[in-house]
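Enquirer: Put together the whole structure using the sequences plus the hints.
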Amino acid sequence: MASCSPSCLVWPKIQWPELVGTNVNVAKATIESENPNLTGQPIPCNNYRDQTYCCNRVWIDFNSDGKVCEVPQIG
Numbered sequence: 001m002a003s004c005s006p007s008c009l010v011w012p013k014i015q016w017p018e019l020v021g022t023n024v025n026v027a028k029a030t031i032e033s034e035n036p037n038l039t040g041q042p043i044p045c046n047n048y049r050d051q052t053y054c055c056n057r058v059w060i061d062f063n064s065d066g067k068v069c070e071v072p073q074i075g
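Each residue of the sequence shown is one higher than the one before, counting from 1 in the numbering used here.
Careful, some of the hints might be misleading.
Using C-beta positions, here's what the derived DEER-type ranges look like [claimed, not checked]:
#: 1; residue 1: Y48; residue 2: Q15; range: 15 to 23 Å
#: 2; residue 1: S64; residue 2: P12; range: 29 to 37 Å
#: 3; residue 1: N46; residue 2: P12; range: 28 to 36 Å
#: 4; residue 1: N47; residue 2: I14; range: 15 to 23 Å
#: 5; residue 1: P12; residue 2: Y48; range: 28 to 36 Å
#: 6; residue 1: W11; residue 2: D50; range: 17 to 25 Å
#: 7; residue 1: V71; residue 2: D50; range: 15 to 23 Å
#: 8; residue 1: S64; residue 2: W11; range: 13 to 21 Å
#: 9; residue 1: P12; residue 2: D65; range: 14 to 22 Å
#: 10; residue 1: N47; residue 2: N23; range: 16 to 24 Å
#: 11; residue 1: A29; residue 2: N63; range: 17 to 25 Å
Hints were generated in silico from the structure; no laboratory data involved.
No residue lacks a Cβ here, since even glycine has one placed at the ideal position from N, Cα and C.
Expert: Written out as structure tokens, the structure reads:
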């Protein structure tokens, strides 16, 4: 992952609530097409995640059906 820089702290959008319930791959593609500076990081719901904050990463929690189960957000 890219490290954070002051310029990435001013993204106009930090959450994607409209993607809850969508396919995880569609959500990743949507986020990355809206902002090519971000990387979508799919992770199973309730799984351990790196606690290091990165403003270039968007966590995309998905369930066993491959659907987004939490609001994707930068972190």
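Enquirer: Confirm or reject each hint.
Expert: Status of each hint after checking the structure:
Between Y48 and Q15 the beta carbons are some 21 Å apart, a value that agrees with the proposed interval 15 to 23 Å. Taking 29 to 37 Å as the suggested C-beta distance range, the pair S64 and P12 conforms, at roughly 33 Å. Between N46 and P12 the CB atoms are about 30 Å apart, so this pair conforms to the stated range of 28 to 36 Å. A hinted range of 15 to 23 Å holds for the C-beta pair N47 and I14, which are about 21 Å apart.
With their beta carbons about 30 Å apart, P12 and Y48 fall inside the hinted range of 28 to 36 Å. Between W11 and D50 the CB atoms are about 19 Å apart, so this pair conforms to the stated range of 17 to 25 Å. The hint said 15 to 23 Å for the Cβ distance between V71 and D50, and at roughly 18 Å that hint holds. In this structure, S64 and W11 break the distance hint of 13 to 21 Å, their C-beta atoms being roughly 30 Å apart.
Taking 14 to 22 Å as the suggested C-beta distance range, the pair P12 and D65 does not conform, at roughly 31 Å. Between N47 and N23 the Cβ separation comes to about 18 Å, which falls inside the hinted range of 16 to 24 Å. Distance hint check: the CB atoms of A29 and N63 are about 18 Å apart, consistent with the given range 17 to 25 Å.
Checked against the numbered hints above, the structure breaks hints 8, 9 and satisfies the rest.
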